[in-house]
Amino acid sequence: MEKDIRILLVDDERNVRRSMEKTLLRAGFDVDVAEDISAGLGLFKEVYTQEPEERFDIAVLDLSMPNFEGVQDPEAGLKLLSKLLEIDNSLPTIVLTAYDDVTRAKKAVSLGARAYFVKGREAGLIELVNDILGL
Amino acid sequence: MEKTSLAERRAALLQAGAQVSRNVISILDPDELLQKTVDIICEEFGFYYAGVFLLDEEKEWAVLQSGRGDAGAAMVAEGHKLHVGGLSMIGAATGRNQALIALDVGDEPVHFKNPHLPLTRSEMALPLSVGSEVIGALTVQSIEEAAFSDDDITALQAMADQLAIAINNARLYSMNRILLSQTTRRARLLEASTQVAKGITSILDLDELLHETVDVICEAYGFYYAGVFLLDETNEWAVLRAGYGEAGSHMVELGHQLRIGGLSMIGTAIAERHARIALDVGDEPVHFKNPHLPLTRSEMALPLVVGNKVIGAVTVQSVEESAFSDEDISSLQAMADQLAIALDNARLLRELEAAHSELVRTKTFEALATSTIEAIHWIGNKALPMTASVDRLCSDLEDLQGVDEEIKASMREDLAMVRDNAQLIVAVQEHLIGPARDNKPLPAMIDDVVKDLLVKMEIPSDIITYEPEASLPLAVADTTQLSRSLGYILQNALDATEGQKDRQIKVVVEPRESKGLLYVAINITNNGPSIPESELDKIWAAFYTTKGAKHAGLGLSATLQIMKQLDGQVAVKNLSDGGVEFEVLVPVIDSKYVEATLPVGQSVLLIDDDDSWSRFVSATLIEAGNKVDCSLDTKNYAKYDWVFVDDALESGDTMKVLSALSKAQVSDKVYVCASNMRVERVMDLMHYGIKDVLLKPYTVEALAKIFSD
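Which chain is which? The protein sequence lines are A and B, in order. First residue of the first sequence? That's 1 in the numbering used here, and the numbers climb one at a time after it. First residue of the second sequence? That's 136 in the numbering used here, and the numbers climb one at a time after it.
To be clear, the hints were calculated from the coordinates, so they are not data collected in a lab. Note that beta-carbon positions come from the ideal geometry of N, C-alpha and C, so glycine has one too. Treat each hint with caution, since some may be false.
Simulated coverage check for chain A against chain B, where a stretch passes if three residues somewhere in it have a Cβ under 8 Å from a Cβ of chain B [unchecked claim]: (1) 15-26; (2) 107-118; (3) 122-131.
This is chain A alone, in the form it adopts within the complex (with noise of 0.2 Å):
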C-alpha cells in the first residue's frame, strides 16, 4: 500500500493553522501541526529519528511566529527553514505569509524554500503541494 503524504504544518494563528489543517486533511494528506518553530523542530527531529519509515514529505512553515527565543520575528519560518534543512537538506518546504514581500520570498527561496505562498487562498496551497511533489 502507498505511503500517504505526510505534512508538518507550523503556524502560530490557531484558526489559520486549524483551517489549512482541514483543507489539507480533506485533500487526503497526512497533517502533523506545530504551534511555533521550537515545536515544529522538535516534532520534525523526533519523527525524522524515530519514524524513518514516516518522515514528513514536505513542510509548510508561517514566517512571522515567535522565534526559538520567544520573540515574535518577522523571518522566525526562515530560522526553521534553515534548521530543517540541516538535518535534511532534500526537505521540500514552501514558506506562508501574509504579506506580498517578493525580497522575503526570494531569500525563502535561495536558503531552500521550493515555494513561498501568500496565504488566504488555500485551494491553491494543495495545487502548490501537488506541484513540489509531482502528484
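Please arrange chain B on chain A, whose structure you already have, making use of the hints.
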C-alpha cells in the same frame, strides 16, 4: 520853540519812548509786537502815522510789516515795500543805517509821495539795527511841517533801538519755537519709531503687527492714513493687509489690492523698489484716487525690502499738501525697513511653526500608522481562514441530504456574505499595508512602467489611448509602488466609466516642470461623470468611496500615501468638457552617470515587444560588443548565453514563452524582468525553473549588475 517847552517835549518823548519800550519788550509774538509799536508811537506821541519795515532775507527790500490805522493795514495788504538804498526815506535810512528827517516833505527829494498818507508834512525814518546789522526801519509821520527836531531823533532812536532788540528777540523766540517744535516732533518720531521697533520685534502675530504699525504711524506722526500692503503669492498684486481707522478696515474687508507696476503709488514703489512721494497728489500722475480716502493731499509709498526681495509696501497719507519733511521720510523709511525684517521674521516663524506642526503630524501619523498596520495585520490574519472555512461549508452544504432547498439557498446567501466581507478585510489589509512597505526608489522609464501596467490590467484597446512622449527623462521611483498607485487610478477610471457606451481612458506621459523641479507627468483622463466639487478633497481620505460596500475606499488614499513616499505629487480635477483627470508627478532623477562594466561577446535573446525598454537594453548591449536578438518567436534558444523575458508582453504570453523555454531546457539562463514585482506573480514565474525574476534595469549600471551577479 521855548527852552522849557523843548525840555518838556524831550522829556515827554523820552517818557513815551520808555513807555513804548516797556510795552513792547515783553511781547514775543512778532506781529503783535510791531502792531503794538506803531499804535503806541502814534498814541503816545500824537503822530499822524507810524510804520515798521523789516528787510527781506536778501536785504534788498524793506517790507512794511505793520502800519497805523486803515492806511497801514491797506499798505500791508498790498505788500508795500521800498528798495534798500533807494530814493525813499526808508530806503535811504536802511541803506545808510542812519536816521533821516524830512521837515517839509514837499521839499525833501528822497520822500516817496504815498497816496495812502496824503496829509504827511514831516517824516522821520529811523533805522532798526542790532549791533551793526540793519534789520529794518521805523517811519514816523506828522501832518505838521517841521515837526521833528534832532532831539526828537535822539529820543525816538533810543526807542527804535529798543524796538530793534525786541524784534530781534521775538524773531529769536520764534526761531527757537520752530526749533523746539522740530526737536519735539523729532523726539516724538523717534519715540514712535522705537515703539514700532520694540513692538514689531516682540509681536510675532502678523495681523497684530500690521495693525499696531499703522496705528503708531498715524497716531505718533499725526498722519491721516497709513496702510500696509503685502505681495500675494503670484507677486502680481499688492494686497492691503492692514489700514488705519474705519476706512482701512473697510478696504481690508473689500480685499483692496493694487497691481504691481500699475499706476498706483504702491504699485510703482514695489516695482521700482524705491520710495515714492507725492506732495500734492493732484499733480502726481501715479497716484490712485481712492474714494475711501478723499482728503489725501500728500502720499508717501515706502517699499518693504528684505535683502533683495520686496515683500510689500507701506502707504502714509496726509491731508496737507507737502506734508512730508525729509526727517519724516527718513524715519518712516527706517521704520519700514524694520517692519520688513519683522514681517520676514513673522513669516519665518510661521514656516517654523508649520514645519513643527508637520513634524508633530508626521510623528503622530507614523505612530498611528504603525499601530493601524499592526491592527489591520492582526485583523487580516484573523480573516484569512474565513474564506477557506466558507468554501468548505459551501462544499459540505451541497453534500447535505434532506435539507429544504429554501434553507440551503438562505445558507448559501449567508455564506456568500461572509466570504465577501472576509475578502474585503483581506483586501483592506493589503491596501493599507502595501503602501507602507519599504520604498526602494530606483531610476525608472516611466513610459515603460505605465505600458507594463496597461498590459497587465488587460484594458481593452478600444477603451484605452496611451500617448507617451518619445524622449522622456529617467524618473526615480519604486516602480512596484508606483504601479500600485497608477493601478488604483486606472481602476478608478474603469469603475467610473463602467456601463458607458463610449468609455474612453487616455494616458499621457510627458516631462513637466513644477515650481522649479522636473517631473515626469502621467495624466490619466476618463470621460466618466465629474466628481462633485465638494467631494474632490474627500476622495483621498481612507475608507471614502462612492462605489458601495464592496469597495473599501482605500485605493486613492493608498495612492496619495505612495506618491508622498516617492516625493511625487498626485492631483485630481474635473475637466471643463466633462470627465475627470488625475495627474501624477514623479520626480526626475538627479544623479550623475555611473560607470559600469558590461559583458562583451555574449549572445543575448531579448523576448519583448518593440518598446523603449527593449530598445535601451538592445542598444546598450550591442554597443558594448554583444550580439542581441529581440524577438517574440525565436525557436533556437540553445544558442544564447542569456535570455531576458519581459514580464508584460503586449504581443505575447509570458507564461507560454516560459513554458517553451522550459521545454527547450534553457530555463536556467532565463531572467524575467518586471517593473511591478508581486510575490504571487514571482512564484508563478519561478515555477518554470527560471534563473530569477528581476526588477527591470533602466540604467546601464543596473543592467551591468545583472551580468556581474
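Residues of the stretch 107-118 of chain A with Cβ under 8 Å from chain B, three needed, outcome: holds (count 5)
Outcome, coverage hint (the stretch 15-26 of chain A, chain B; C-beta under 8 Å; three residues): holds (count 8)
Residues of the stretch 122-131 of chain A with Cβ under 8 Å from chain B, three needed, outcome: As far as the stretch 122-131 of chain A goes, the hint holds, because 3 residues have Cβ atoms under 8 Å from chain B.
Comparing the model with each earlier hint shows no violations; every hint is respected.
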